[in-house]
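Chains A and B are the protein sequences, given in the same order.
Numbering that gives the first Met the number 0 numbers the first residue of the first sequence as 0 and each following residue consecutively.
Numbering that gives the first Met the number 0 numbers the first residue of the second sequence as 0 and each following residue consecutively.
Be aware that one or more of the hints could be misleading.
What the hints assert, rightly or not - Derived BS3-like pairs: lysine-lysine, alpha-carbon spacing no greater than 25 Å straight-line: (1) Lys75/B - Lys174/A; (2) Lys150/A - Lys120/B; (3) Lys52/B - Lys107/B; (4) Lys107/B - Lys150/A; (5) Lys82/B - Lys52/B; (6) Lys18/B - Lys94/A; (7) Lys65/B - Lys18/B; (8) Lys94/A - Lys164/B; (9) Lys87/B - Lys18/B; (10) Lys94/A - Lys87/B; (11) Lys52/B - Lys87/B; (12) Lys174/A - Lys18/B; (13) Lys334/B - Lys150/A; (14) Lys174/A - Lys107/B; (15) Lys75/B - Lys195/A; (16) Lys164/B - Lys145/B; (17) Lys87/B - Lys174/A.
Derived by calculation from the structure, the hints in this document are not laboratory data.
Note that this is a predicted model, so its numbers are computed, not measured.
Chain by chain, the residues run as shown.
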Amino acid sequence: MENPPTAIAQLNDISADGFEHVIRIRQLINRFGSQTVHENLNLNVRRDETLGVVGGSGTGKSVLLRSILGLHDFDEGSIDVLGEAIRYQRPGPCKQWGVLFQGGALISGLTVQENVELPIALHSDIPLDMRREIACLKIFMVGLTLQAASKYPNELSGGMRKRASLARALALDPKILFLDEPTAGLDPIAATEFDKLISYLQHNLDLTVVMVTHDVDSLFSICDRIAVLIDKGIVVDTPERLVEHPHAWIQSYFGDPRAVRARQAGSRHVQR
Amino acid sequence: MTQFLTAERSGNLLSISLKNDWLFANLSQLQNELNSLPIADIEQVAFRCGGLKAFDLAGAWALYDKSLDLEEDGLKAEFIDFKAGHLKFLQHIIDVAAVNEYDPDFFKPVPRQLIKHQLEKIGSATLRGFEHFGDIAKAILNGVRKPSMLMVGETLRQVNETGAKAIPIVMVVSFLMGVVLAYQSAGQLQKFGVTIFVVDLVASSVLREIGVLLAAIMVSGRSGSAFAASIGTMKLNEEIDALQVMGLNPNQVLVAPRVLGLVIAMPFLTLFADVAGLAGGAFICVMVLDINLVQFYERVASSVVMMDLWVGLIKAPFFALLISATGTLRGMQVKGSAEELGRLTTTAVVQSIFLVIIADAFFTILFSRLGI
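Please take these sequences and the hints and turn them into a complete structure.
Pasting the structure below:
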């Protein structure tokens with residue numbers, strides 16, 4: 000076959016490790032003044048995996064996430080998501096991704112159900128009653144009731160707000176779900192519930208999940224691979240293998256008693 | 000146009016083969032095609048799902064919804080040939096639907112008893128307004144009894160913020176208003192050959208009405224909105240709650256200094272507005288009407304009595320009280336959302352201007368009855 004461009008494209012899509020990559024980051028550089036946060040960072044996110052992103056404060060977890068979403072003007076390098084190149088403040092494949100922001104970021108003047116309807120109304124010509132039904136389906140999916148759907152964000156508890164925001168992120172049946180600290184601010188029971196919900200949805204809806212988190216329980220219970228931001232770059236591996244990694248920060252992170260307990264518990268409630 | 004299904008009829012069985020991409024992007028069309036299925040005289044419907052290329056939750060939902068409709072009409076619906084990867088979407092919806100009941104009537108707005116509701120709202124708003132005046136009075140009295148509770152520094156800061164910084168804009172507007180008044184009245188008065196009365200008209204209307212009214216309106220826009228927005232933001236940030244748990248009364252710390260500051264600043268602002276308004280009148284007299292400055296001064300001195308100035312000035316603190324009370328009250332009423340903050344800030348400005356004009360009308364009638 001004499002068709003080099005396609006051949007290269009295919010080579011990129013299904014790369015050497017035999018996985019299809021939905022997000023590809025190449026040689027990403029992010030600087031703030033004289034301080035370099037990311038230096039030639041490369042990352043592939045595989046289709047249908049759950050990738051946890053961890054790192055100490057100031058290592059650029061949020062900057063990385065915001066770069067991928069086109070919310071941060073990265074200095075150099077390229078990011079593409081589902082084959083689309085990401086540019087600062089240009090609409091990326093926004094029908095294909097859903098984002099759960101840390102505080103929920105629900106529009107405060109709209110009810111939960113209107114919040115979930117919003118992306119559907121913006122991106123399709125679906126009539127109102129059907130839109131409403133789809134929105135409610137998403138709201139039910141995340142474990143909320145009709146009563147909660149008619150409430151305003153400030154009338155909800157933190158955990159319910161997270162769920163409502165997740166319903167909005169899922170409104171357009173996205174392929175990729177980005178989660179920023181999904182369990183931050185939740186009590187351990189609610190956090191475990193939320194982890195289970197994400198894992199269940201990921202499995203049932205064929206989602207690729209990218210999750211920035213500090214919660215070691217989430218890392219070990221639902222993540223297939225973990226990306227650790229260190230030394231301006233990134234180390235990606237499965238949780239089991241990362242534990243063996245010689246780098247000092249990774250050792251101290253996973254050697255922490257909380258992480259050890261989470262690791263022991265984690266293998267128990269993984270349902271795969 | 001892509002077709003998403005083909006229907007084939009054999010006896011009373013309708014077998015439907017699904018094909019292509021049953022995805023969110025195609026939902027409207029999927030719905031159309033499903034709705035136009037020929038189901039007359041059919042007893043059983045079989046959806047053959049083997050030919051589906053791509054499937055997602057929206058596609059599954061369309062299919063599920065249709066099957067419910069069919070069952071409601073007394074038909075039997077079944078799904079066959081599903082690929083495992085596709086079936087799980089449908090299963091997911093069935094699982095979710097099993098524990099939740101969707102009710103389309105739930106979101107229909109409940110009709111309200113309009114008149115009763117509005118009257119109730121007006122009543123409770125009025126009550127709340129009086130309550131707020133009470134709170135302010137209490138806070139200030141507390142300050143008088145215990146001077147340490149009077150936030151002198153904060154009050155002075157507010158005098159600077161709402162008074163001193165407003166001087167330029169108030170003077171400019173008032174000057175221009177003086178110009179307009181003189182110019183407009185000159186046109187009429189010249190017909191009668193009494194151009195000199197322009198001075199009387201400008202002087203008495205600026206001193207009695209225009210100066211204080213303009214100052215009040217400018218301050219409503221500048222400071223009334225600022226009060227509502229700043230206190231409202233503090234409310235949203237839980238700063239008010241923080242003050243409360245530290246044992247500080249927000250009325251004492253936030254409201255009283257703003258009210259006092261504006262009440263102090265407003266008469267001075269009015270004086271500046273009066274001066275600028277007269278200057279505007281004088282400007283037109285000198286430039287257009289051949290009345291020189293000495294004539295202007297003498298005419299003002301003879302036509303205006305000190306009482307005219309006082310009539311304007313006495314209104315200033317009352318207007319200040321109305322503006323600051325409205326602004327702070329609206330700020331305190333913010334709860335929950337950013338939208339609310341915007342709405343209440345607008346309300347604060349509109350209501351304070353409205354109240355100022357009502358009060359002005361009241362004063363005018365009062366003074367004319369008193370013969371001042």
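Going down the list of hints, with the structure as the test:
1. Lys75/B - Lys174/A: Given pair Lys75/B, Lys174/A is violated - Cα atoms ~33 Å apart, limit 25 Å.
2. Lys150/A - Lys120/B: Since the Cα atoms of Lys150/A and Lys120/B sit roughly 22 Å apart, the hinted pair holds (cutoff 25 Å).
3. Lys52/B - Lys107/B: violated (38 Å)
4. Lys107/B - Lys150/A: OK: Lys107/B and Lys150/A at ~14 Å, within 25 Å.
5. Lys82/B - Lys52/B: holds (10 Å)
6. Lys18/B - Lys94/A: The given pair, whose Cα atoms are some 23 Å apart, holds under the 25 Å limit.
7. Lys65/B - Lys18/B: holds (16 Å)
8. Lys94/A - Lys164/B: violated (49 Å)
9. Lys87/B - Lys18/B: holds (18 Å)
10. Lys94/A - Lys87/B: holds (22 Å)
11. Lys52/B - Lys87/B: Cα-Cα ~15 Å, so holds.
12. Lys174/A - Lys18/B: holds (21 Å)
13. Lys334/B - Lys150/A: Between Lys334/B and Lys150/A the Cα gap is close to 15 Å, so the pair holds against 25 Å.
14. Lys174/A - Lys107/B: Outside the cut-off at roughly 32 Å; violated.
15. Lys75/B - Lys195/A: Given pair Lys75/B, Lys195/A is violated - Cα atoms ~35 Å apart, limit 25 Å.
16. Lys164/B - Lys145/B: Judged against 25 Å, a Cα distance of about 30 Å means the pair is violated.
17. Lys87/B - Lys174/A: holds (16 Å)
Of the numbered hints stated above, those contradicted by the structure are hints 1, 3, 8, 14, 15 and 16, listed in ascending order.
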